[in-house]
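Mind docking chain A on chain P? Use the hints.
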Amino acid sequence: MSNTISIRKGLDIRLVGEATKEIREVSVTGIVAVSPLDFHGLIPKMVVKEGDTVSVGDILFFDKKKESIKFVSPVSGTVQQIVRGEKRRITNILIATDSKQTAKKFDLKKISEYSSEEIKNLLLEAGFWSSMKQRPLDIIADPDNEAKGLFVSSFDSAPLAPDYDFVLNEDMESLQVGFEALNILMDGKVHLSSKPNSVFSKLNAVTHHTFEGVHPVGNVGTQIHHIDPVNKGEFVWTLNIQEVAAIGKFLNTGTVDPTRKIALTGSEVHTTTYLKIVKGTTISSLVDNTIEGENVRYISGNVLTGDKKELTDYIGHYANQITVIPEGDEYKFFLTTGWLGHGFDKFSNSRLFPTFLLPKSKKFRLDTNTNGEERAFVVTGELERVFPFDILPVQLTKAAITEDIDSMENLGIYEVAPEDFALCEYVCTTKINIQDKIRQGLDLIASECM
Amino acid sequence: MKFLEKYLHKMEPHFIKGGKYEKWNPLFETLATFAFTPKIVTTKGTHIRDGVDLKRTMMTVVLALIPCLIFGIYNTGHWEMAVQEGNRNLPYFTEMMAKFLTGLTIVLPVIVVSYGVGLTIEFMFGMIRGHSLHEGFLVSGMLIPLTMPADVPLWMVGLATAFAVIIGKEIFGGTGMNVVNIALTARAFLFFAYPTSMSGDKVWMSGLGDKMATNPEGLDGFSGATALGDLASFMSDKATVAGEVVQSNEAVQNFSSEYTAWESFAGMIPGSIGETSTMACLLGALILVITGVGSLRIILSFFAGGFIMGLLLNALGGNPYLDLPAYYHLIIGGFAFGAIFMATDPVTASQTALGKIIYGFLGGFLAIMIRVLNPAYPEGVFLAILFMNIMAPIIDHYIVQANINRRLKRLKTA
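Each protein sequence line maps, in turn, to chains P and A. Residue 127 in the numbering used here sits at position 127 of the first sequence, and the numbers go up by one each step. Residue 56 in the numbering used here sits at position 56 of the second sequence, and the numbers go up by one each step.
Hints in this document: simulated from the structure, not taken from any laboratory. In this text, all values refer to a predicted model and were calculated from it rather than measured experimentally. There's no promise every hint is true.
[Said to hold, decoys possible] Cβ pair distances, simulated, as ranges:
id: 1; chain 1: P; residue 1: Lys100; chain 2: A; residue 2: Thr413; range: 35 to 41 Å
id: 2; chain 1: A; residue 1: Lys409; chain 2: P; residue 2: Asn197; range: 33 to 39 Å
id: 3; chain 1: A; residue 1: Gly130; chain 2: P; residue 2: Ser116; range: 40 to 46 Å
id: 4; chain 1: P; residue 1: Gly30; chain 2: A; residue 2: Lys409; range: 33 to 39 Å
id: 5; chain 1: P; residue 1: Glu50; chain 2: A; residue 2: Thr413; range: 52 to 58 Å
id: 6; chain 1: P; residue 1: His342; chain 2: A; residue 2: Asp220; range: 56 to 62 Å
id: 7; chain 1: P; residue 1: Lys362; chain 2: A; residue 2: Thr413; range: 21 to 27 Å
id: 8; chain 1: P; residue 1: Glu170; chain 2: A; residue 2: Glu12; range: 53 to 59 Å
id: 9; chain 1: P; residue 1: Asp329; chain 2: A; residue 2: Thr120; range: 28 to 34 Å
id: 10; chain 1: A; residue 1: Phe172; chain 2: P; residue 2: Val83; range: 36 to 42 Å
id: 11; chain 1: A; residue 1: Thr120; chain 2: P; residue 2: Asp404; range: 32 to 38 Å
id: 12; chain 1: P; residue 1: Asp404; chain 2: A; residue 2: Ile66; range: 38 to 44 Å
id: 13; chain 1: P; residue 1: Ser115; chain 2: A; residue 2: Arg406; range: 37 to 43 Å
id: 14; chain 1: A; residue 1: Lys10; chain 2: P; residue 2: Lys362; range: 34 to 40 Å
[To be verified] From the derived model, a few chain P residues whose C-beta atoms are all more than 12 Å from chain A:
id: 15; residue: Ile82
id: 16; residue: Asn121
id: 17; residue: Lys346
[As the list claims (entries may be wrong)] Below, in silico cross-link-like pairs of lysine to aspartate or glutamate (DMTMM-like), each with a Cα-Cα straight-line distance of 25 Å or less:
id: 18; chain 1: A; residue 1: Lys412; chain 2: P; residue 2: Glu292
id: 19; chain 1: A; residue 1: Lys39; chain 2: P; residue 2: Asp228
id: 20; chain 1: A; residue 1: Lys6; chain 2: P; residue 2: Glu294
Note that beta-carbon positions come from the ideal geometry of N, C-alpha and C, so glycine has one too.
Chain P with its partners taken away, still in its complex shape:
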């Protein structure tokens, strides 16, 4: 088929707390939330109001700027509260579940009878479009644009990431249906990138690519860059593989399945596992007495790109895992565990620490301490070692910081998403919040150039 593309620039951060391959089902009780904040730049226009009764798949709100993009309820029950934050911005829609999970029924034809436009409308109506992202800008895809390709990664290489071979083991039929639908949807190709000898290589209706190497090899951004990079004026779409399976299931059954399998991971979880959950469940019911210690950070997602959450918060829309790691809000004496210590407890990509001498099997328990203060860029060449793009990461970040639109365009801002820079941010000696700078750059591009 195709040749294996090998990613050598990058870094596998070896953390303690990989999920054991068992699945625990989390029952649907209490309050579930849908948060418009999970979708960057979205302004929601509400359809339901407090007190309304909803079923699974009922529309809660739509995108004010693009009214065809709709967001649906993951549970059946009553809309309890529409929570607003500063400037009356809607932060959460809380739904009290009735635990019955009665679902809205869609009338569906046979898949081969659908046209591209009909598939698109179906995905928009059933709320699946909210998972479809586009590059440039790394936001929800604009359904009115023509995309030159749709990219799906069948594996996640982030620290402690779930293993989709395991997660989707029983969903191969749904996946196949999902990909067939996407193939009808797209004028361009549907690309599926997998590890060598992956179970997903049997799927039809997709163009297969094989990748191996270190993180970010599993990031769809890395894969796009090596398969068919985005040029100015072009669009590509990306979709998580679990969503493809969910689309397949929807087309088979006519109802939206709001359940996903996520990994409960991290050094502070004493029984790591996979969880079968409904989207928008509270963190507390997910971690459910499996946490050691109190001063910990709950992350919806992985340690590189996830969102910080409290126990009372809800898991984010795009999260495929929960990671729990210790907080690092303590002073560290410089000679013992601080900046001039032996450093066997730290995981570093720099040879200033002995990490490179330790065996590859050694795993680390890392906390949220920044291990130093923010400075101007000083060190050169370190970001390039973990950035497998033909893009100059420091120069692009500086262009974003200085709001230099011309330079950003020239240096490849259209190809990247903040998550592509997560490893750069991790290794940065001067502790610059690179993902945030790139996001600000993208926002500027969105307002000035798109």
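Only chain A this time, still in chain P's reference frame:
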């Protein structure tokens, strides 16, 4: 260390905004963050961060300078004694403890002045801008003394440091923002402002100038010239080696017996405090390269550039300096010190991988060209590096432009 941590907790309220010593917060913060990695946690983006920070990086460079420093102290002590005894051929490895201590009394004050003046100014800027001390000067403060001649007056060290920190760095915005290397700015300032104290044959051995002026007894025929000083004379009508006039056809031979390759490599010759020993520099290079702090690309290409220029000069030939074996250029003067500790400064060097190779190569190439072909400057290394500091952004510009063109080409073919 719990008591210290408790004490810091107790003191902290006085120094934060609204506290009674609010103004002194940068000083407090500098000391506190030196003793303890602060309890700052990630707020957005990645939730974990690499262990590495700028303090550890800079401290590693200081560590890499220690071999040069220790050897420099001993070497300074040795030549001080040679002056006192009026014997340039004083055996090198005798009275080692005494030489080291003598050297220490000369070098230590230079270091104290350099750090004292530099850190004071940095703190002042920190207080104006409301930030704690940034780590860059930890290295500059050590580099400056090592580039000074042993006989340099302390006030000059202070003045040069002040000039370098203010004009070279702080007006651009501080650590990470400077255009040219700080330590070399200090060196260049003195070289052009006080040439008689920075060149010639009286400044390289501590006490030589004074002793000649007040009590020249026993100094008949004694020369304080450096290898580079002697070589510079090869370009004039009267070639000298260690004060003695030599015939031009024997000049190179005399030179290489006065400064044998081994002595030059080990650094047992007069020169600036920390620069003479190529061996000590290479030990530092080993630390920098293993830890990844110094760019191997720059170091190797700098040496390659110097060596190739040396070979070209050999091919040209015609006078004793041009005939000097090319490898000699790499082990005398400040060549190795410059290549390893000055050219590799990440802020002022090229930032792209290919750019670093071009930058290093041209740096070494120009250093030897200036050294040999320009009679006004016996040493060309610091000038070449300063020049390349200015050129580095231009080199990077073309590398970046190549990247941009690749992307544009993709758009056209697509």
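P/Lys100 versus A/Thr413 beta-carbon gap, inside 35 to 41 Å or not
violated (57 Å)
Are P/His342 and A/Asp220 spaced within 56 to 62 Å by their CB atoms?
holds (57 Å)
Is it true that the C-beta distance of A/Lys409 to P/Asn197 lies inside 33 to 39 Å, as the hint says?
With Cβ atoms ~36 Å apart, the hint holds.
Hint check: A/Lys6 vs P/Glu294, CA-CA at most 25 Å. Holds or violated?
Holds. A/Lys6 to P/Glu294 sits at ~22 Å (cutoff 25 Å).
The hint says 36 to 42 Å between A/Phe172 and P/Val83; measuring C-beta to C-beta, is that right?
At 47 Å between Cβs, range violated.
Would the non-interface assignment of P/Lys346 survive a Cβ cutoff of 12 Å against chain A?
violated (3 Å)
Within 53 to 59 Å or not, the Cβ separation of P/Glu170 and A/Glu12?
For A/Glu12 against P/Glu170, whose Cβ atoms are near 56 Å apart, the range 53 to 59 Å holds.
Range hint compliance [Cβ, P/Asp329 to A/Thr120, 28 to 34 Å]:
Hint holds: Cβ distance 33 Å, inside 28 to 34 Å.
Kindly confirm whether 34 to 40 Å is satisfied by the beta carbon distance between A/Lys10 and P/Lys362.
holds (39 Å)
Just tell me: holds or violated, for the beta carbon distance of P/Asp404 and A/Ile66 against 38 to 44 Å?
42 Å Cβ-Cβ, so the 38 to 44 Å window holds.
A/Thr120 paired with P/Asp404, Cβ distance criterion 32 to 38 Å
holds (36 Å)
Given as non-interface: P/Ile82, which should sit over 12 Å from chain A by C-beta
holds (26 Å)
In summary, the structure is inconsistent with hints 1, 3, 4, 7, 10, 17, 18 and 19 from the numbered list given earlier, while agreeing with the others.
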